[in-house]
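Listed below are the residues making up each chain.
Number of protein chains: 8
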Amino acid sequence: MTDPSAPSDPGSDPVTADLGFARVDLDRARRTGDPEVVYGAGKTPEQVLDILATLHARHPDRAVLATRLAPEALALLGAELPGVRLDPLARAATLGPLPEPQGTVAVIAAGTSDGPVAAEATLSVQVHGAAVRRVDDVGVAGIHRLLEARAEFADADCVVVVAGMEGALPSVVGGLVGVPLVAVPTSVGYGASFDGLAALLGMLNSCAPGVVVVNIDNGYGAGVHAARVARNARRRG
Amino acid sequence: MTDPSAPSDPGSDPVTADLGFARVDLDRARRTGDPEVVYGAGKTPEQVLDILATLHARHPDRAVLATRLAPEALALLGAELPGVRLDPLARAATLGPLPEPQGTVAVIAAGTSDGPVAAEATLSVQVHGAAVRRVDDVGVAGIHRLLEARAEFADADCVVVVAGMEGALPSVVGGLVGVPLVAVPTSVGYGASFDGLAALLGMLNSCAPGVVVVNIDNGYGAGVHAARVARNARRRG
Amino acid sequence: MTDPSAPSDPGSDPVTADLGFARVDLDRARRTGDPEVVYGAGKTPEQVLDILATLHARHPDRAVLATRLAPEALALLGAELPGVRLDPLARAATLGPLPEPQGTVAVIAAGTSDGPVAAEATLSVQVHGAAVRRVDDVGVAGIHRLLEARAEFADADCVVVVAGMEGALPSVVGGLVGVPLVAVPTSVGYGASFDGLAALLGMLNSCAPGVVVVNIDNGYGAGVHAARVARNARRRG
Amino acid sequence: MTDPSAPSDPGSDPVTADLGFARVDLDRARRTGDPEVVYGAGKTPEQVLDILATLHARHPDRAVLATRLAPEALALLGAELPGVRLDPLARAATLGPLPEPQGTVAVIAAGTSDGPVAAEATLSVQVHGAAVRRVDDVGVAGIHRLLEARAEFADADCVVVVAGMEGALPSVVGGLVGVPLVAVPTSVGYGASFDGLAALLGMLNSCAPGVVVVNIDNGYGAGVHAARVARNARRRG
Amino acid sequence: MTDPSAPSDPGSDPVTADLGFARVDLDRARRTGDPEVVYGAGKTPEQVLDILATLHARHPDRAVLATRLAPEALALLGAELPGVRLDPLARAATLGPLPEPQGTVAVIAAGTSDGPVAAEATLSVQVHGAAVRRVDDVGVAGIHRLLEARAEFADADCVVVVAGMEGALPSVVGGLVGVPLVAVPTSVGYGASFDGLAALLGMLNSCAPGVVVVNIDNGYGAGVHAARVARNARRRG
Amino acid sequence: MTDPSAPSDPGSDPVTADLGFARVDLDRARRTGDPEVVYGAGKTPEQVLDILATLHARHPDRAVLATRLAPEALALLGAELPGVRLDPLARAATLGPLPEPQGTVAVIAAGTSDGPVAAEATLSVQVHGAAVRRVDDVGVAGIHRLLEARAEFADADCVVVVAGMEGALPSVVGGLVGVPLVAVPTSVGYGASFDGLAALLGMLNSCAPGVVVVNIDNGYGAGVHAARVARNARRRG
Amino acid sequence: MTDPSAPSDPGSDPVTADLGFARVDLDRARRTGDPEVVYGAGKTPEQVLDILATLHARHPDRAVLATRLAPEALALLGAELPGVRLDPLARAATLGPLPEPQGTVAVIAAGTSDGPVAAEATLSVQVHGAAVRRVDDVGVAGIHRLLEARAEFADADCVVVVAGMEGALPSVVGGLVGVPLVAVPTSVGYGASFDGLAALLGMLNSCAPGVVVVNIDNGYGAGVHAARVARNARRRG
Amino acid sequence: MTDPSAPSDPGSDPVTADLGFARVDLDRARRTGDPEVVYGAGKTPEQVLDILATLHARHPDRAVLATRLAPEALALLGAELPGVRLDPLARAATLGPLPEPQGTVAVIAAGTSDGPVAAEATLSVQVHGAAVRRVDDVGVAGIHRLLEARAEFADADCVVVVAGMEGALPSVVGGLVGVPLVAVPTSVGYGASFDGLAALLGMLNSCAPGVVVVNIDNGYGAGVHAARVARNARRRG
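Residue numbers (our numbering), protein chains in the order written: chain A, 1 to 237; chain B, 1 to 237; chain C, 1 to 237; chain D, 1 to 237; chain E, 1 to 237; chain F, 1 to 237; chain G, 1 to 237; chain H, 1 to 237.
Just so you know, the hints here were simulated from the structure itself, not pulled from any lab data. One or more hints might be untrue.
[Stated by the list, open to error] Facing chain A, from chain B, some residues (calculated, C-beta under 8 Å): (1) Gly142; (2) Ile143; (3) Gly167; (4) Ser171; (5) Ala192; (6) Ser193; (7) Leu197; (8) Ser206; (9) Cys207.
[What the hints assert, rightly or not] What follows is a set of in silico ranges between Cβ atoms, one per label pair, in the way DEER data are often shown: (10) G:Arg30 <-> C:Arg134: 49 to 59 Å; (11) B:Arg133 <-> G:Ala57: 22 to 32 Å; (12) D:Glu152 <-> E:Ala70: 36 to 46 Å; (13) E:Glu46 <-> F:Thr44: 24 to 34 Å; (14) E:Glu46 <-> D:Glu152: 36 to 46 Å.
Beta carbons are placed, not taken as given, at the ideal position from N, Cα and C, and that holds for glycine.
If we strip away everything but chain A, and leave its shape as in the complex, we get:
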């Protein structure tokens, strides 16, 4: 790779698109292997539309992603962008063809209420180039469900474990397999769960070795990390 801080060559592609309200980082795929993603929270539907279209124009042969979309933003994208794929459960949208998957990520969710976060993780894995295998509703209070499903995740290249409440599931999964494991705390719970803080702390203190954690409800971040792990495991050999 070249020096990321070098002044851009006048004849080369621009590294930034100035939309007035945003400087879109057109150079990110060159530096990191993946295009910039639109974080929809705090942006108007029109801003989301503009940035996503700009990124698609730069990367026409590869899916670009927008997350944390309000219903209004989903509706506007659906109306204005031909070919856009909307995922209302994940509150996300993609434009352009998904990359050929390399490697597999298992996305495991503790309960039905963790579904939206698991969906965001799933879509993020796919956009970043890996395949997904889903294992849902295997919370630790019925441990037989998890043991029955062990074969579904034991040979994945990376595992994403999504759980709210006490967030115990990653510790149990992490003791069953040695696959690289990313834990996602969710805001599912009440009272002293403090909107996901209990699950977050639980996962950070997991007694299983090698558990790593992302922000509360951050299915996207877990998906990006897991996809990179999985595709490298298959791509490089």
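Keeping the supplied structure of chain A fixed, place chains B, C, D, E, F, G and H upon it in accordance with the hints.
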């Protein structure tokens, strides 16, 4: 039982022993079935000695208990009170004969480091009238250890589960059996465990039904509750 | 009991019902003595309906329970499930006959505003097989109300104490009787109550021996624990 | 009173004594009725000595007070200041005659471990001009002890209630009498008491009307407030 | 006074009114000098109406108070209770004649936004028997405003200081006068004020002697304490 | 300057305007160089209008500012105050001519979502007498954008850096230039950002020397400080 | 792999070694690919010695690891275990030959004070089968140091970034390369760093995509995860 | 200035000194106007010595600074570095001649206990090129002391206000003058001051306009910012 707030009969036993620095509650066993216990923290060894001796004089036929004892207090009790039994791991001492046990409590500990808290719980159960079965070092990162030991706790009258770090063990145990279960978070851990807060929050948010929780490192409180549950299960029928 | 992790016998009843969005734990009653309960928060009314009907089909002779129901879910259950019993104050519903009660739980509430949590605890006790005696509005600022009512809870098999604000009531009750006691902090209060945190911390630090605690507003969890304690006290002898 | 911000008359007494390391507020008694008090924490024994001697020189006919004194500071004051009175339990010292007491403050402590804070409150009340009646070791887990002692505080002019752990005592006292009541949380406790935070939050959320609170372990602040309330109740009529 | 825990004489007035949803403490005025107050949060308008009417029937010659009233509750009281006085800014209502004021409380507010809390404090003082002098909008960023107004509060019998944001005003007032001072933190502020936590902590750590504190936005609690202080200062002499 | 606490001369301008609900500090410009600013939160539109008009009448030749305005307040000001300038993004309004700018402040924002806070900072700088240069959307995940823009802020008289999420931007900017730098954390983020707390803590712990911080979302405070720094840098020489 | 919960074959190797004080998980390498690691905190030197020797006997051809060792434990291991390798900076020890490294992990540290945590991460990577490249003292306040060193980490298979204070380094590194990245917050800092909480929150809220986080000072956990990622990237192809 | 990220010219001075354990940023003075400062916490005395000597060699004509020095580090520097100046109260050391001061910073401290932090601020201002005027022990509980001293800070180029406990002093100073003001919370206090958190929150929520804040006890950071503000105010005109 009689009215606890009724003025004490002049001819009857006094309900309070005034030691100057403390009003010992001599009436507690009548009201609650168990004598007062000496909480040693913040008291001088001499104060612990005086209160324990006072309680023993009132209840000569039944063990009385002192907890949270500094080494100096343990040493003084050992030197001054014939017949005292010291438990340095639990940092506790008892004086007088243990009651005949009724019912059984399983005390399950996640790791070796949780030993002192499990020891305090064990002794507290015994002093309050039930038998104890210990199951140690069965943390969730090696779930087979817990499954192998299931028979040791599945038919107890109450289960006490002691764990630090993420505190996931009660959720798994609580999904395997329907025995009344008390969870004890310990201060084992570091960083974002915040001296046991992570385990406490995890246990309060357990997805297993009916898990109840005591303060961090409070083996004593869990032991009292569990003993009362266990002895009632056997005594009343 | 049999090994909970053993592969299910092909000819036996299935241990899991796969509804697509959920893996219902049909085996829980065998393992723990009580069927799975539907936690309604974060689920659509249709999902609640499906799971509750599935559980009822498995356990036709015993009440199954759904908690934390939005008005829409209560309405749908009322319309679609003949014989369902709705409890709007507890925000819960049951289907099937209540078990014959064994043992008695006293549910004590500090104030009128704690009513919904006390109602959830009450119903949970009944569904899990014990009888309930209610003692309401006996906060510590008028201690005579509690002392007058002492006879109503002194001989129960377990006591559930529900309180918000400073959460002092369990300490006072716990000093009056030796019945196993479960404290439920509620989110009643304002300012530095921090949505029930003050009451939760107060109860965790109770100076009365043997007080155990559940999550803020978790009447259900207290009810399950108390029912198990109470029914064992009567059943086993 | 005169304008506190007016430039000081050249011929009058100075309002500030500049000791180099401190500007002693010699004017405070004129403005507020009480001399400045030396807060010993973070000061060297020599600094404490200098300030206390300076205040005594200004107020020879009235006791001045130093609090939060390390053993070294207590020793130095004892050696250098003839007539000083040391109170090691309260970690405080006074110099000069106590004022004639007007009105009475009841200082109630929940447990033996709260003794040092109660001692600081007691001395502070006396230095600020009121009499003290002590009621010790009347925690709520043995409510009969408090009810027996009710006559000792029901007719005081102000009540100071000192308690750690869950801090429930002020709520019970506040429901028994209508005397102005100041609650002092102490750092007595462990685990989720968080060095007195649980007691502080409990007292701030007291369901008893009119309970006011000071900082954790701040016996001094409670004593000053209570003495002012008590002496005004007697002085003005 | 008589023993508050004594069984009530059959021929005497009842000490509790059982409304089904509430046990109204009819005995509180005898024990504490003031009737019970209706805390409106978490109660239906009909419940507020019932309790207030019950208290008024017991205390026809003295104002009774309801606080934290939603607009619906204020409307219902206005429609159903002849003679009720509504205070929408304080979100409170009173029924029955105010007592003859004894002593004076100065209620000082830092800013316009603190008005509702100051109004609740003001009304609570009046209902509990003292007169009020208001001093508004004298925040510390314009200290001359406070110094100009000093005469308005320097000779009060008690001072209530209401402030949000950093909560500095009590420290400045407390350095100017020696009147007993109650500080009320308000939830005015944003960001790291954390809904009044910054002001609460500031006031608890005031460097001015004798500052006592109530819960965030608790004008009622401050008013009760201050009224008791003020009326005792005038009544007893 | 004169003594701020001196009694006002009867013949001079009044230092306070009493609007009934507010004591407007008309003297602030004399003491501090800048007029009082109207903080709109918690005030009715009519109160905002009255105070802004009063300040404008006192300072007709200099812009006065109102911040944190609800849409209703913006609308009322627009309708009632000829010449008012509304800034809906900043949620602010000004009345009267902006001062001639002296010195320049660079306002740097990490992302598009930080726009409203950057707008409040920008307007506040202008009202307090300095010029602004904006540098937007230069978050640290694309460091080349910041390096490219370095010339735009390296020679400013003060830099304001606005960022949410992890709040890392001030540390990077602070290592590139030695201009006095004010960091503004924003509430942009989710989960463990805790409404801006993560960014606030990050900025307070910046490893770059001399970074100072204001409250979450407090563009106004940063703007006032920066303008004073910038205008002094140019004015005094 | 085989069923982890299957009863162990009587003729096969035992899956657990019962040392009395610990049940050593001898089966972990079979399930997860790596042997159990000895967490030394809270264990006596003798316990550490016993467990490490037991693990070494089971895995003689592969290094086993003990972490968080007090000086006494390090000394005992050095004296009793021939061939042990001590790493005092990392506070760790290994016994047995390191595995042949597959893949490379870059361990990047922000400052000199982060050295111990980086050392623990380094050793953990090596024990778990990957090579390490170290890049030290490249904090964001001198961004040129990091840019100069970019080639040292841009082609690694995984990156571990260790930083205290505001924890900004992972965000900048994460914007420069697309390598899977694990962030380790350290307790380096003071005041509002709250022993690493500021860095932890900063990293959880990183604006760079795919950043995952471990507990404060948890170099071990980051090392395990990174080694698994790196060795899979090379092993499987 | 030149591009900070440009590759260094082979013939020019090196921008980094590699000491093995540290990469000293020799280029910082060129980029920011001030040399790197040695943060002594977490470094051995020998490391501090090496870095300070390296920086001095690069900047022989200008003082370089080391802060947060343990007594051992102070002693070693005194023994090994001729000409070093030690400041034990500030726990800091400087080497090389102080720059000619330009502009003046007033450092105001609330109490005697804040002295060490004020000393660190003072030295930091001087090393970074401005003069200091000290105003000590002017806490808000004796407001006349501050008003008397107003002339000492009203005409400074920048004001640093150091305070613990409730941290109210910056608000009062900020209302008296319009000088750019930096607030430094200190860890002076106890109980609910939470080691300076109360003062930090108070200052962040100051009602005085333009108050900016640094980390708890961070006299250094405040000094750097203030010196830059002050010297620019004088240098540039």
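For each hint, the structure was consulted:
This hint holds: glycine 142 of chain B has a C-beta 5 Å from the nearest C-beta of chain A, less than the 8 Å allowed. Taking 8 Å as the C-beta cut-off, the interface hint given for isoleucine 143 of chain B holds, the closest approach to chain A being about 6 Å. A distance limit of 8 Å between C-beta atoms decides the matter here; for glycine 167 of chain B the minimum to chain A is near 7 Å, and the interface restraint holds. Using the Cβ-Cβ criterion of 8 Å, the hint placing serine 171 of chain B at the interface with chain A is satisfied: the shortest such distance is roughly 5 Å.
Restraint check, alanine 192 of chain B versus chain A: the minimum CB separation of about 5 Å is within 8 Å; hint holds. Nearest Cβ of chain A to the Cβ of serine 193 of chain B: about 5 Å, under the 8 Å cut. The hint holds. At about 7 Å, the closest approach between the beta carbon of leucine 197 of chain B and any beta carbon in chain A falls short of 8 Å, and the interface hint on this residue holds. Proximity of serine 206 of chain B to chain A holds as hinted, the smallest CB-CB distance being about 5 Å (cut-off 8 Å).
Here the hint on cysteine 207 of chain B is kept, as its CB sits about 5 Å from the closest CB of chain A, short of 8 Å. For the hinted restraint 49 to 59 Å between arginine 30 of chain G and arginine 134 of chain C, the CB-CB distance of approximately 55 Å keeps it satisfied. Separation of arginine 133 of chain B from alanine 57 of chain G is about 30 Å and conforms to the stated range, judged on CB atoms against 22 to 32 Å. A beta carbon spacing of about 42 Å between glutamate 152 of chain D and alanine 70 of chain E agrees with the range 36 to 46 Å that was offered as a hint.
About 31 Å separates the C-beta atoms of glutamate 46 of chain E and threonine 44 of chain F, a value consistent with the hinted range of 24 to 34 Å. In this structure the supplied range 36 to 46 Å holds for glutamate 46 of chain E paired with glutamate 152 of chain D, their Cβ-Cβ distance being about 43 Å.
The structure meets every hint from the earlier list without exception.
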